Amino acid sequence: MSQFAINLLFVGGSFALYIGIAIWSRAGSTKDFYVAGGGVHPITNGMATAADWMSAASFISMAGLLASGGYANSSFLMGWTGGYVILAMLLAPYLRKFGKFTVPDFIGDRFYSSTARLVAVVCLVVASVTYVIGQMTGAGVAFSRFLEVSNTWGIWIAATIVFLYAVFGGMKGITYTQVAQYVVLIIAYTIPAVFIAMQLTGNPIPMFGMFSTHSESGVPLLAKLSEVLVELGFRDYTADVDNKLNMVLFTLSLMIGTAGLPHVIIRFFTVPKVADARWSAGWALVFIALLYLTAPAVASMARLNLLTTVYPEAAGQVENYEEAMAEPILYENRPEWFRTWEDTGLITFNDLNNDGRIQLYNDANPAFADTAAERGWAGNELVVNNDILVLANPEIANLPGWVIGLVAAGGIAAALSTAAGLLLAISSAISHDLIKKTINPNITEKGEMLAARISMAGAILLATYLGLNPPGFAAQTVALAFGIAAASLFPALMMGIFSKRINSKGAVAGMLAGLISTLLYIFTYLGWLFIPGTNMLPNTPDNWIAGISPLSFGAIGAMINFAVAFAVSSVTEEPPQEIQDLVESVRYPKGAGGAVDH
Amino acid sequence: MADDKSNAAAYWKSNVRTITGCLIVWALVSYGFAILLRPLLSGIPIGGTDLGFWFAQQGSILTFIGLIFFYAWKMNKLDEKYGLGE
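First to last, the sequence lines map onto chains A and B. Under our numbering, think of the first position of the first sequence as 826, with each following residue one higher. Under our numbering, think of the first position of the second sequence as 187, with each following residue one higher.
Just chain A, same shape as in the assembly (with noise of 0.2 Å):
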């Protein structure tokens, strides 16, 4: 069979999987459509949130930027973890008490305001848009991969797919679709991450084998690794960052975004009880770090295995560099892998000195073109999309054909998986919250569920156009979507249950002053509205104010969110007694109810 035959079978019996789920548990009321009928136990609950919370962001994108970054890229680990944390202290049992199915109702009956609700709906739908795009961006590279067709091909079937999966669904059908969306993608980064580990350690489990001996050299990977790197002047793997402020600012802002994501915290509405959030949310973390403890360890493996396809030489114990990296392996003779990925355009060679041979190097490193000339090598000739280094690594190890099968099946759960939770947060919003709750409170249920799947339908195709053009790798587009719910949505949920002394007008001015902020900053060098070429100042760390880049700027934002609304807070009046005392008894599990019906 050919390995478009067995990609195909993968991808297909999957589906068949999630969409025979999807109508077996149809949704059959607004409530279930949006909380799946708030019975579902914390272990499923946090298996359903993992295949949630795990994207095309985590599942292509993020071990790839791993591999191109090394240490200083681990803010992607950190903060895409560290978010539960604070979800699970600061947010989730005191949002399951108070019992409502969205982020906007929170807010617009705790800040008793119109006004505030409708801000706040804006912020989730800028946060979720840019969500999507990322998503889009991940699944166009898995679809164009395993269908052979071009990239833009595949973010319009990955579009189409998604629409057709979520608008059926609703959260009810999501639920037990993401268990198994979950399973599914948990296997497929497993499986080839242990066959890696095997073949260049021999420890079967990835997160010892990347702290582990490498096998052909004799020296442990990580140090083989940095070797090979600084030898073709790379950055050491492990090497320390200069700019501590801005790696900190940037977990800071994955972190609190995590927390301040509607289609995350929408969740924790799901289960029984309030005890039940909290043991949610560790489950969640359970079933995350799965993937997120082999990730760096697949990162590390395979940009050490790219590295010795290119140079076979450099593989084993090594006295002379200077001999090993002579003889990169010749195009001609490159992997089949190679080419497949070629068709795609998201590998690209170009032999600069016309020597027939690949050279893959670092010509941005100035300290090292002296070392570069003198090896007769005229600018760095291969292109390797990070993108592609999860859905590529099986190829590139030599696994069999069924593993990159179920590689392409998993990465495409991934997207699907969050990209519906998305859409259905964003639908929730429109068509809850700001229609129902506010221009048209008589709509019916149906009319309800109109409007959630023609804003589903909207949502989708802006992100698909967006996403056409994406402003940088899944992971790093996901990541600006981290930095507008973090200065947005979770200030304005943290304050309204710490403090009972913000007001409606201090929690306004916050999330309009944070989300604003943050977007000027973002769309300053990344283009209005992310569309190429509007930037107004290049991106690259001379330009950015005190070295904090578009991607941490989130962080910023959250404090410039809780400084104004603590100002306009302390010169207005205090909240009316009765939502004090609301604060007051969302502290306390005891009297919660099922989320209320509405």
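The set of hints was computed from the structure by calculation and includes no laboratory data. Just to be clear, a hint being listed does not mean it is correct.
As the list claims (entries may be wrong) - Over the 12 Å line for every Cβ pair with chain B, so calculated as not near, a few chain A residues: (1) Leu-834; (2) Thr-1063; (3) Asn-1267.
Said to hold, decoys possible - Here are some, though not all, of the chain A residues that point toward chain B, as calculated from beta-carbon distances under 10 Å: (4) Ile-911; (5) Ala-913; (6) Met-914; (7) Leu-989; (8) Val-992; (9) Leu-1046; (10) Tyr-1062; (11) Val-1111; (12) Ile-1356; (13) Gly-1416.
Only a predicted model underlies this, so the values are computations on that prediction, with no experimental measurement involved. Just so it is clear, CB atoms sit at the ideal spot from N, CA and C, and this is done for glycine as well.
Since the structure of chain A is provided, determine the placement of chain B on it from the hints.
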């Protein structure tokens, strides 16, 4: 009613204290050991690199899991102690 109020206030105070403790550990392993204090830990080797790198890529994640389960367990005990559980 006054008793209820002071009981609830004491519960909330213990909760905030627990959260503060957990968040100190949370910040120490991630922003501390993995980033800002990494140079201080550079003398402790682990598998071809140093302890700070391990905290950045694995150690902090394992600590986070421990923290959430500790918090859930501790809060269940507090819910019971103050009679404020469901």
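Here is what the structure says about each hint:
1. Leu-834: Correct as stated: the minimum Cβ-Cβ distance to chain B is 34 Å, above 12 Å.
2. Thr-1063: violated (4 Å)
3. Asn-1267: holds (35 Å)
4. Ile-911: holds (8 Å)
5. Ala-913: Since the shortest Cβ distance to chain B is 5 Å, the answer is holds.
6. Met-914: holds (5 Å)
7. Leu-989: Interface hint status for Leu-989 of chain A: violated (35 Å vs cutoff 10 Å).
8. Val-992: This hint is violated: Val-992 of chain A lies away from chain B, its Cβ roughly 34 Å from the closest one there, beyond 10 Å.
9. Leu-1046: This hint holds: Leu-1046 of chain A lies near chain B, its Cβ roughly 6 Å from the closest one there, short of 10 Å.
10. Tyr-1062: holds (8 Å)
11. Val-1111: holds (6 Å)
12. Ile-1356: violated (34 Å)
13. Gly-1416: holds (8 Å)
Taken one by one, the earlier hints fail for this structure at numbers 2, 7, 8, 12, listed in ascending order.
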